[in-house]
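2 protein chains.
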Amino acid sequence: MVETDATKIMTALGKRAKAAAAAMRMTNTQHKDAALRLAAAVIRREMTEILAANAMDMKAAQANGLDAALQDRLLLTSDRVDAMAEGLEQVAALPDPVGAIDQLRYRPSGIQVGHMRVPLGVIGIIYESRPNVTADAAALCLKSGNAAILRGGSEAIHSNRAIAACLRRALVDTGLSQDAIQLIDSTDRAMVGALLQSDTFVDVIIPRGGRSLIERVSAESRVPVIKHLDGICHVYVDAAADAAMALKIALNAKTHRYGVCNAMETLLIHRDAAATNTAPIVRAMIDKGVEIRGCERTRELCADLNVGIATDEDWATEYLAPILSVRIVDDIDAAIAHIEAYGSGHTESIVTSDYEAGQRFLREVDSASVMWNASTRFADGFEYGLGAEIGISTDRLHVRGPVGLDGLTTQKWIVLGHGEIRQ
Amino acid sequence: MVETDATKIMTALGKRAKAAAAAMRMTNTQHKDAALRLAAAVIRREMTEILAANAMDMKAAQANGLDAALQDRLLLTSDRVDAMAEGLEQVAALPDPVGAIDQLRYRPSGIQVGHMRVPLGVIGIIYESRPNVTADAAALCLKSGNAAILRGGSEAIHSNRAIAACLRRALVDTGLSQDAIQLIDSTDRAMVGALLQSDTFVDVIIPRGGRSLIERVSAESRVPVIKHLDGICHVYVDAAADAAMALKIALNAKTHRYGVCNAMETLLIHRDAAATNTAPIVRAMIDKGVEIRGCERTRELCADLNVGIATDEDWATEYLAPILSVRIVDDIDAAIAHIEAYGSGHTESIVTSDYEAGQRFLREVDSASVMWNASTRFADGFEYGLGAEIGISTDRLHVRGPVGLDGLTTQKWIVLGHGEIRQ
Numbered sequence: 005m006v007e008t009d010a011t012k013i014m015t016a017l018g019k020r021a022k023a024a025a026a027a028m029r030m031t032n033t034q035h036k037d038a039a040l041r042l043a044a045a046v047i048r049r050e051m052t053e054i055l056a057a058n059a060m061d062m063k064a065a066q067a068n069g070l071d072a073a074l075q076d077r078l079l080l081t082s083d084r085v086d087a088m089a090e091g092l093e094q095v096a097a098l099p100d101p102v103g104a105i106d107q108l109r110y111r112p113s114g115i116q117v118g119h120m121r122v123p124l125g126v127i128g129i130i131y132e133s134r135p136n137v138t139a140d141a142a143a144l145c146l147k148s149g150n151a152a153i154l155r156g157g158s159e160a161i162h163s164n165r166a167i168a169a170c171l172r173r174a175l176v177d178t179g180l181s182q183d184a185i186q187l188i189d190s191t192d193r194a195m196v197g198a199l200l201q202s203d204t205f206v207d208v209i210i211p212r213g214g215r216s217l218i219e220r221v222s223a224e225s226r227v228p229v230i231k232h233l234d235g236i237c238h239v240y241v242d243a244a245a246d247a248a249m250a251l252k253i254a255l256n257a258k259t260h261r262y263g264v265c266n267a268m269e270t271l272l273i274h275r276d277a278a279a280t281n282t283a284p285i286v287r288a289m290i291d292k293g294v295e296i297r298g299c300e301r302t303r304e305l306c307a308d309l310n311v312g313i314a315t316d317e318d319w320a321t322e323y324l325a326p327i328l329s330v331r332i333v334d335d336i337d338a339a340i341a342h343i344e345a346y347g348s349g350h351t352e353s354i355v356t357s358d359y360e361a362g363q364r365f366l367r368e369v370d371s372a373s374v375m376w377n378a379s380t381r382f383a384d385g386f387e388y389g390l391g392a393e394i395g396i397s398t399d400r401l402h403v404r405g406p407v408g409l410d411g412l413t414t415q416k417w418i419v420l421g422h423g424e425i426r427q
Numbered sequence: 005m006v007e008t009d010a011t012k013i014m015t016a017l018g019k020r021a022k023a024a025a026a027a028m029r030m031t032n033t034q035h036k037d038a039a040l041r042l043a044a045a046v047i048r049r050e051m052t053e054i055l056a057a058n059a060m061d062m063k064a065a066q067a068n069g070l071d072a073a074l075q076d077r078l079l080l081t082s083d084r085v086d087a088m089a090e091g092l093e094q095v096a097a098l099p100d101p102v103g104a105i106d107q108l109r110y111r112p113s114g115i116q117v118g119h120m121r122v123p124l125g126v127i128g129i130i131y132e133s134r135p136n137v138t139a140d141a142a143a144l145c146l147k148s149g150n151a152a153i154l155r156g157g158s159e160a161i162h163s164n165r166a167i168a169a170c171l172r173r174a175l176v177d178t179g180l181s182q183d184a185i186q187l188i189d190s191t192d193r194a195m196v197g198a199l200l201q202s203d204t205f206v207d208v209i210i211p212r213g214g215r216s217l218i219e220r221v222s223a224e225s226r227v228p229v230i231k232h233l234d235g236i237c238h239v240y241v242d243a244a245a246d247a248a249m250a251l252k253i254a255l256n257a258k259t260h261r262y263g264v265c266n267a268m269e270t271l272l273i274h275r276d277a278a279a280t281n282t283a284p285i286v287r288a289m290i291d292k293g294v295e296i297r298g299c300e301r302t303r304e305l306c307a308d309l310n311v312g313i314a315t316d317e318d319w320a321t322e323y324l325a326p327i328l329s330v331r332i333v334d335d336i337d338a339a340i341a342h343i344e345a346y347g348s349g350h351t352e353s354i355v356t357s358d359y360e361a362g363q364r365f366l367r368e369v370d371s372a373s374v375m376w377n378a379s380t381r382f383a384d385g386f387e388y389g390l391g392a393e394i395g396i397s398t399d400r401l402h403v404r405g406p407v408g409l410d411g412l413t414t415q416k417w418i419v420l421g422h423g424e425i426r427q
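So the sequences go chain by chain: A and B. Note that my numbering has the first sequence beginning at 5, numbered continuously upward. Note that my numbering has the second sequence beginning at 5, numbered continuously upward.
So here's chain A without its partners, still in its complex pose:
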């Protein structure tokens, strides 16, 4: 690694994080929760300063002509700051995963062998725009006994600095090391590169943001990355689908929110269910303002409706918009093959009353979440009962789908003996 200013700063920061992680690993639940609750109180107390810092970011954003959606993400209001504080209290109320022992059982040798859940160590979070991520991500790392190194977007630097200061004050005031939460207080892009090279200090990197950020992080990182790129989610309406249920699930999966990774992007319909389901679903989508792009059979079935032509590119596109591609397939094998070819491994759902079809879909579709008679919109940490999520993983190793406190921990083996030796 070439010794630059960025790597020097990062090394100092990494060493402090590693020391803090060793201390956090041994910190008990009560102590961590007290720090989180105090952090919420400090954030509420420092409301004026946080809003003033955010006003500086907003002023710069306007001067730099940041687009309206990004400005909205950047904006803090007193309600949003209060929600941030509430989020910290919610994390404090979650059960602590650290130290939990499971599957402890006797072996023929006499020893008891089991697993203990333990923190991962130092977690690097790289994110954009939304300043509330500073509090959310730090809280989840803290609760799971890790140290966090946060790198927010440069457009939010003043807001992030103000929020991080509150969190660090709460750590100090509860007798914990403020190095358990460190913000990279620099807008130098080289700092991201230095963080990604810090495999000596950092155990995992979680990027949160747009595709280009995540691609850069994946390509450059020497540290393991937990990430998701695309959410090209499918609903498959099987031959034995209940038509009312299929309509309800498809509409919810597409139109509940458009810009989210667990929204449906492609609807697949079994040819035997096509006559019953295609036109009603397409009509309802169009009524909601959704543009439809269909395969040839879809267009035939919806001749009186405005259905565009779906190209190969459509099948591979995450629209994140009121656009839906629709394809009629010959059977469940064709549906699964389509998902295998074009899906992103995020979330897929089958609508069917047929036991064999549902079982096959559950088993054979290789996505982070596979559903049967439910909307893809359920693929979410809160809906799954994780309490909160730090992100979504479409990777295969370590953690898949919504990532909560458990995903920020690992396990070690523990052995309880009575003087046993290996024969």
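Keep in mind the hints are simulated off the structure, nothing from the lab. Quick reminder that beta carbons are idealized off the backbone N, C-alpha and C, glycines included. Worth double-checking, as some hints may not be accurate.
What the hints assert, rightly or not - Cβ pair distances, simulated, as ranges:
id, chain 1, residue 1, chain 2, residue 2, range
1, B, H35, A, T280, 33 to 41 Å
2, B, D76, A, G391, 52 to 60 Å
3, A, D337, B, G114, 46 to 54 Å
4, B, H35, A, Q427, 32 to 40 Å
5, A, R49, B, I313, 54 to 62 Å
6, A, L233, B, A288, 54 to 62 Å
Got chain A sorted already, so can you dock chain B onto it with the hints?
Just chain B now, kept in the frame of chain A:
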């Protein structure tokens, strides 16, 4: 990626593996077990050919002056081939982890959410010398529903080819794809590089071999790696240790086998236990032919024994030999700090009758295996009840310690609904 002959071969191989993995994922337990049992039968039937192929490798090894230990690892005998076949039958008898569902529970929304265990996909195994790894590793990958790409040492190419041919014949004869087990049939070192760049096709790489192999794989791989580098294991004799138990565990941890990663390399003794324990343990070790290197206090306590001086380098060395470093520490904090500073995160054991000391050690020592009153030699897939192990991981993510069938799988979320939609 530069298009070379190696990458071209690897791409073809990777595509075949990916297709085979998709089929293996859906193969049921009975079918996989039948293939494994047939593979055992074919290996026994082809004994003569396997031994003849091995004789070619042995001849080349002798001509190339391979050292005696490596020649012994390379050598196959009819007993060793039979043990290989038995190993395949043992893997067939293990429970199939794939498809197991756990923690399926209702959420307030009405959906049921749980986890299903699924194969990782395509697993690359890079190993040295021992030809039996070809059968062992392939069997574990097959049973866990994965496709394997095997890259053995060039010195074992004829043996590996003969064994892989038996395994592939068994796949074909039971109606499975022979591409579920592929051997890189080339001694070109560029093939290893090409395999490590194949993140499009390969889901995880498991290197098995010496430090230089594992370091190369870690440094070069774009594919996630499950590995372990060192096993600098510690036994800590606490103030409240039973002296007879401490002696028994220390002797077993050091002298049961010297060249293994879970052997003790450093013995730590609490100063209050030093007078009682140090000289007897050191004397017993010396009687077994173990060379002792001690700290100053150890040397004082063993003035009449031949104890060398332990340097900082000793604390950081995995001897894999009849050498032991011994250090007297002031308290359990000093023991944990020593392990944190010099350990490799593999396996550590405390000997104590004190509840608080044992609990602290279990919780605070951050190694893949942490033991209480047991020999470090138990850190092993068979001893832990995994049935078999493909290796050991001292990484933090995905899997730690002995890696069995579960470590070769991952989990996906499954959701069972009744038409629920997100509110």
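Here is how each hint holds up against the structure:
no. : hint                         : verdict
1   : B/H35 to A/T280: 33 to 41 Å  : 37 Å, holds
2   : B/D76 to A/G391: 52 to 60 Å  : 55 Å, holds
3   : A/D337 to B/G114: 46 to 54 Å : 30 Å, violated
4   : B/H35 to A/Q427: 32 to 40 Å  : 36 Å, holds
5   : A/R49 to B/I313: 54 to 62 Å  : 58 Å, holds
6   : A/L233 to B/A288: 54 to 62 Å : 58 Å, holds
The earlier numbered hint that this structure contradicts is number 3, and it is the only one.
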